[in-house]
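Protein chains: 2
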Amino acid sequence: MPLIQEIRRHHNLAELAREHGFRLTTQRRLIFSILESASTHMNAKEILAQARRVDPGIDQVTIYRNLAVLKKLGVVDELDLLHLRGDQHYYEARQDRPHSHVACLQCGKVMEFSSPAMDKISTEIRDELGFSISFMRVEIGGACAECRRKTPLTSPQTKANQNVSRSKKLN
Amino acid sequence: MPLIQEIRRHHNLAELAREHGFRLTTQRRLIFSILESASTHMNAKEILAQARRVDPGIDQVTIYRNLAVLKKLGVVDELDLLHLRGDQHYYEARQDRPHSHVACLQCGKVMEFSSPAMDKISTEIRDELGFSISFMRVEIGGACAECRRKTPLTSPQTKANQNVSRSKKLN
DNA sequence: TTATTGTTGCAAAAGTTTTGCATTAAGAAA
DNA sequence: TTTCTTAATGCAAAACTTTTGCAACAATAA
Ligand SMILES: [Mn+2]
Ligand SMILES: [Mn+2]
Ligand SMILES: [Zn+2]
Ligand SMILES: [Zn+2]
Chain D
199 MPLIQEIRRH HNLAELAREH GFRLTTQRRL IFSILESAST HMNAKEILAQ
249 ARRVDPGIDQ VTIYRNLAVL KKLGVVDELD LLHLRGDQHY YEARQDRPHS
299 HVACLQCGKV MEFSSPAMDK ISTEIRDELG FSISFMRVEI GGACAECRRK
349 TPLTSPQTKA NQNVSRSKKL N
Chain Z
199 MPLIQEIRRH HNLAELAREH GFRLTTQRRL IFSILESAST HMNAKEILAQ
249 ARRVDPGIDQ VTIYRNLAVL KKLGVVDELD LLHLRGDQHY YEARQDRPHS
299 HVACLQCGKV MEFSSPAMDK ISTEIRDELG FSISFMRVEI GGACAECRRK
349 TPLTSPQTKA NQNVSRSKKL N
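Protein chains in written order, with the numbering used here: chain D, 199 to 369; chain Z, 199 to 369.
These are calculated hints, taken from the structure and not from any lab test. Careful, some of the hints might be misleading.
[What the hints assert, rightly or not] Examples of chain D residues toward chain Z, derived with CB under 8 Å:
#  : residue
1  : Arg-227
2  : Ser-231
3  : Asp-278
4  : Met-309
5  : Phe-311
6  : Ala-315
7  : Met-316
8  : Lys-318
9  : Asp-325
10 : Leu-327
11 : Ile-331
12 : Met-334
13 : Glu-337
Remember, it's a predicted structure, so these values are computed and weren't measured experimentally. Where a beta carbon is used, it is the ideal one built from N, C-alpha and C, also for glycine.
Please construct the entire structure, taking both the sequences and the accompanying hints into account.
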């Protein structure tokens, strides 16, 4: 882990916070560092669990309040990820370049995908609508290559189309 | 309202439902027709309210269950719209062409924007990842042209940066 | 018309996020 | 360093949205 980048990152957060009148509490720093080093997209519950391994007394409300602050500072992005599991949202430290999230509705895997077409869209919206973009989400749902090979899930509902031939499988 | 299209649409829903073993109840038809003729994106609560003007006895759980069915049938899309108001999601009848949703976080206005770049992205993901796309969301948050002219909202939080000069306005 | 079973409505439960408030602690000023 | 201001935290309760269980109902096909 390159030290210089570490330092620069923290410097940015500290400076950003100060500029906006936010204090740099240990909890805030902890939550941000968790997201910075996360290898997956985490929801509030997961962030809380991991934060408690360092600060057992931290409360969930502190997670929520700080996620709101970190979003405002633009250092954390909130994702819907199609609510893959439950009703929560997911969070990630803001990346250098925007990327789309491709979620497999069968196995739950989430892939990231970068494309110049994303910049194209944001440029168009800025130029044609005069809109000032704060953030952008591209979220895609479907079936990954791996799952497509395996049996397509029964996706629908009750008994009707489980073994009735005219009932097509959905997805 | 062109009758031919009306008929074709309903025919599609009836056929789709039958193919998948779903029944075409009056409630289901009502909910779909509400979304079909809606001029705005509606959340479950709003759909319920409007449905009750026709069927006062309809329950919210019927709204939720049917939105799930209509989504599975691919005739309704669920949107996050950055949770502009509260924690709900929004729904719209599936359109002919995919479009992105541009939401102003200040006035709450939601604009729709179509671009070939969206198709570009989905094509890339299909070809490069071997991913089968069921649906795609592009959601953008920021400030609309109109709001940019007016005073930028204080967006942040407490008293600190309300009148302290070094505190920049966020968005 | 009858049989089957998907669907509805009601009520309760579950899951997630927010609010109120006293206490603590970050950061600026003295 | 010490003092002072007030943003931030933790705890508990509340608010909100969505889901589940189940008996009664109604859409389809036989
Ligand atoms: Mn990501
Ligand atoms: Mn969402
Ligand atoms: Zn998969
Ligand atoms: Zn606006």
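Hints and how they fare:
1. With a least beta-carbon distance of about 18 Å to chain Z, the hint placing Arg-227 of chain D at the interface is violated under the 8 Å criterion.
2. For Ser-231 of chain D, the interface hint is violated, the least distance from its beta-carbon to any beta-carbon of chain Z being 22 Å, above 8 Å.
3. For Asp-278 of chain D, the interface hint holds, since its Cβ comes within 8 Å of a Cβ in chain Z; the closest pair sits about 4 Å apart.
4. Restraint check, Met-309 of chain D versus chain Z: the minimum CB separation of about 6 Å is within 8 Å; hint holds.
5. Taking 8 Å as the C-beta contact cut-off toward chain Z, the hint placing Phe-311 of chain D at the interface holds, the least distance being around 6 Å.
6. With a least beta-carbon distance of about 4 Å to chain Z, the hint placing Ala-315 of chain D at the interface is held under the 8 Å criterion.
7. Hint on Met-316 of chain D holds. Least Cβ distance to chain Z is approximately 7 Å, under the 8 Å limit.
8. For Lys-318 of chain D, the shortest C-beta to C-beta distance to chain Z is roughly 4 Å, which falls under 8 Å, so the interface hint holds.
9. Among the interface hints, the one on Asp-325 of chain D is violated; its C-beta lies about 11 Å from the nearest C-beta in chain Z, farther than the 8 Å criterion.
10. With its C-beta approaching chain Z no nearer than about 6 Å, Leu-327 of chain D sits inside the 8 Å limit, and its interface hint holds.
11. With 8 Å as the threshold, the beta carbon of Ile-331 of chain D comes within range of chain Z, its nearest partner Cβ sitting at about 4 Å, so the hint holds.
12. Here the hint on Met-334 of chain D is kept, as its CB sits about 5 Å from the closest CB of chain Z, short of 8 Å.
13. Because the beta carbon of Glu-337 of chain D sits about 5 Å from the nearest beta carbon in chain Z, less than 8 Å, this interface hint is met.
Of the numbered hints stated above, those contradicted by the structure are hints 1, 2 and 9, listed in ascending order.
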